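In terms of the numbering used here, the sequence shown opens at residue 1 and continues consecutively.
To be clear, the hints were calculated from the coordinates, so they are not data collected in a lab. Possibly wrong hints are sitting among the right ones.
Unchecked claim - Lysine-lysine pairs mimicking PhoX-like chemistry, simulated, CA-CA at most 25 Å apart: (1) Lys111 with Lys141; (2) Lys149 with Lys38; (3) Lys275 with Lys160; (4) Lys149 with Lys116; (5) Lys101 with Lys251; (6) Lys36 with Lys111; (7) Lys101 with Lys38; (8) Lys38 with Lys57; (9) Lys160 with Lys149; (10) Lys251 with Lys149; (11) Lys36 with Lys141; (12) Lys15 with Lys38; (13) Lys160 with Lys251; (14) Lys141 with Lys101; (15) Lys101 with Lys36; (16) Lys111 with Lys149; (17) Lys116 with Lys36; (18) Lys141 with Lys38; (19) Lys101 with Lys57.
Note that the structure is predicted; figures quoted are calculated from it, not measured.
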Amino acid sequence: MDIEIRNPWHPDDAKHYTTDRMRNDFLIQDLFIPDKVKLVYSHVDRIIVGGVCPSEKVLTLEAGHELGVDYFLERRELGVINIGGPGTVILDGEEYDLSYKDGLYAGMGIKEVSFKSDDPANPAKFYLNSAPAHHTYPTLKITMEMANKRPLGSVEGCNKRVINQYIHPEVCQSCQLVMGMTSLEVGSNWNTMPCHTHERRMEVYLYFELGEDDVVFHMMGEPQETRHLVMRNEEAVISPSWSIHSGVGTKNYTFIWGMVGENQTFDDMDDVDMKDIR
Numbered sequence: 001m002d003i004e005i006r007n008p009w010h011p012d013d014a015k016h017y018t019t020d021r022m023r024n025d026f027l028i029q030d031l032f033i034p035d036k037v038k039l040v041y042s043h044v045d046r047i048i049v050g051g052v053c054p055s056e057k058v059l060t061l062e063a064g065h066e067l068g069v070d071y072f073l074e075r076r077e078l079g080v081i082n083i084g085g086p087g088t089v090i091l092d093g094e095e096y097d098l099s100y101k102d103g104l105y106a107g108m109g110i111k112e113v114s115f116k117s118d119d120p121a122n123p124a125k126f127y128l129n130s131a132p133a134h135h136t137y138p139t140l141k142i143t144m145e146m147a148n149k150r151p152l153g154s155v156e157g158c159n160k161r162v163i164n165q166y167i168h169p170e171v172c173q174s175c176q177l178v179m180g181m182t183s184l185e186v187g188s189n190w191n192t193m194p195c196h197t198h199e200r201r202m203e204v205y206l207y208f209e210l211g212e213d214d215v216v217f218h219m220m221g222e223p224q225e226t227r228h229l230v231m232r233n234e235e236a237v238i239s240p241s242w243s244i245h246s247g248v249g250t251k252n253y254t255f256i257w258g259m260v261g262e263n264q265t266f267d268d269m270d271d272v273d274m275k276d277i278r
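Take the sequences, apply the hints, and build the full model.
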């Protein structure tokens, strides 16, 4: 199992990046390859983003040289959300069945983490976020019904959506990882606009429920130096603390957000006035 390393970026440098450089550094593609584990280790708050798609095999998370530990969760915590067919996460021999959009929090200290699918023809797609941890919290399976729900936006603003908080103090204890899912209603295609940054934590978005010909224009960069990435179904993007992270799609869509950093206060944001965006 290989771990791809992504180094951090200074905003003064990133404003000069070409489209190819932006895509190579911030965009994460091909997350769900059958019978493969793909992991990207970002030095921005040391988050690990990954995809596990077991088909014929049972797949296991391994520590690797990059982590310098004996097992993956020796000094880390893990969030998992399944966006594929039904499957199972196995934590030290205990099985947790995850259907579509079910989530799971696994705390520091679990030695064996494995994944399998119920049906090889309809494999699970386990999306992973992992952060360094300092304390062990209990494992918890989190369904969509258990998520803390925050409706936002309006039809008039083309951004009517529901934020579903999964790994969040209202639902689940964790060290620093916060994770959830935002669903846009039909007819809405904007997310996180008006935009914001949050200096105290970074964020990763995974966009999904997009058709083959649909795209999301993901807005990023400093508020006065914005750039965009064209993103397609089941692709993720790394957003440093200094960057906005908004998007507009050719249709409504769903995205999973994961945050790592200094605090877990969801509303701790540095809002940007629309008149100040460039």
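Structure-based check of all given hints:
This hinted pair checks out: Lys111 and Lys141 have alpha carbons roughly 18 Å apart, not beyond 25 Å. Proposed proximity of Lys149 and Lys38 is contradicted: the alpha carbons are some 30 Å apart, above 25 Å. Only pairs whose Cα atoms come within 25 Å are accepted, and Lys275 paired with Lys160 is accepted, the gap being roughly 22 Å. Using a Cα cut-off of 25 Å, the hinted pair Lys149 and Lys116 is violated, with the two alpha carbons roughly 29 Å apart.
Restraint check for Lys101 and Lys251: satisfied, since their Cα atoms lie roughly 20 Å apart, inside the 25 Å limit. Under the criterion of a C-alpha separation no larger than 25 Å, the hint pairing Lys36 with Lys111 is consistent with the structure, at around 20 Å. For the given pair, Lys101 sits about 20 Å from Lys38 by alpha-carbon distance, which is consistent with the 25 Å threshold. Between Lys38 and Lys57, the direct Cα distance comes to roughly 15 Å. Compliance with the 25 Å bound is thereby established for this hinted pair.
Proposed proximity of Lys160 and Lys149 is supported: the alpha carbons are some 13 Å apart, at most 25 Å. Straight-line distance between C-alpha atoms of Lys251 and Lys149 comes to about 22 Å, which keeps the hinted pair within the 25 Å bound. Our distance criterion of 25 Å between C-alpha atoms is met by Lys36 and Lys141, whose separation comes to about 23 Å. Distance check on the hinted pair: Lys15 and Lys38 sit about 28 Å apart at the alpha-carbon level, beyond 25 Å; violated.
Only pairs whose Cα atoms come within 25 Å are accepted, and Lys160 paired with Lys251 is accepted, the gap being roughly 13 Å. Only pairs whose Cα atoms come within 25 Å are accepted, and Lys141 paired with Lys101 is accepted, the gap being roughly 11 Å. A threshold of 25 Å between alpha carbons decides the hint, and for Lys101 with Lys36 the separation of about 20 Å falls inside it, so the pair holds. With a C-alpha separation of about 32 Å, the suggested pairing of Lys111 with Lys149 is violated against the 25 Å cut-off.
For a cut-off of 25 Å, the pair hint linking Lys116 to Lys36 stands: about 11 Å separates their Cα positions. Simply put, Lys141 and Lys38 have alpha-carbon atoms about 22 Å apart, close enough for the 25 Å limit, and the pair holds. At most 25 Å may separate the alpha-carbon atoms for a hinted pair to count; Lys101 and Lys57 meet this at roughly 22 Å.
Consistency with the previously given hints fails for numbers 2, 4, 12, 16, ordered from lowest to highest.
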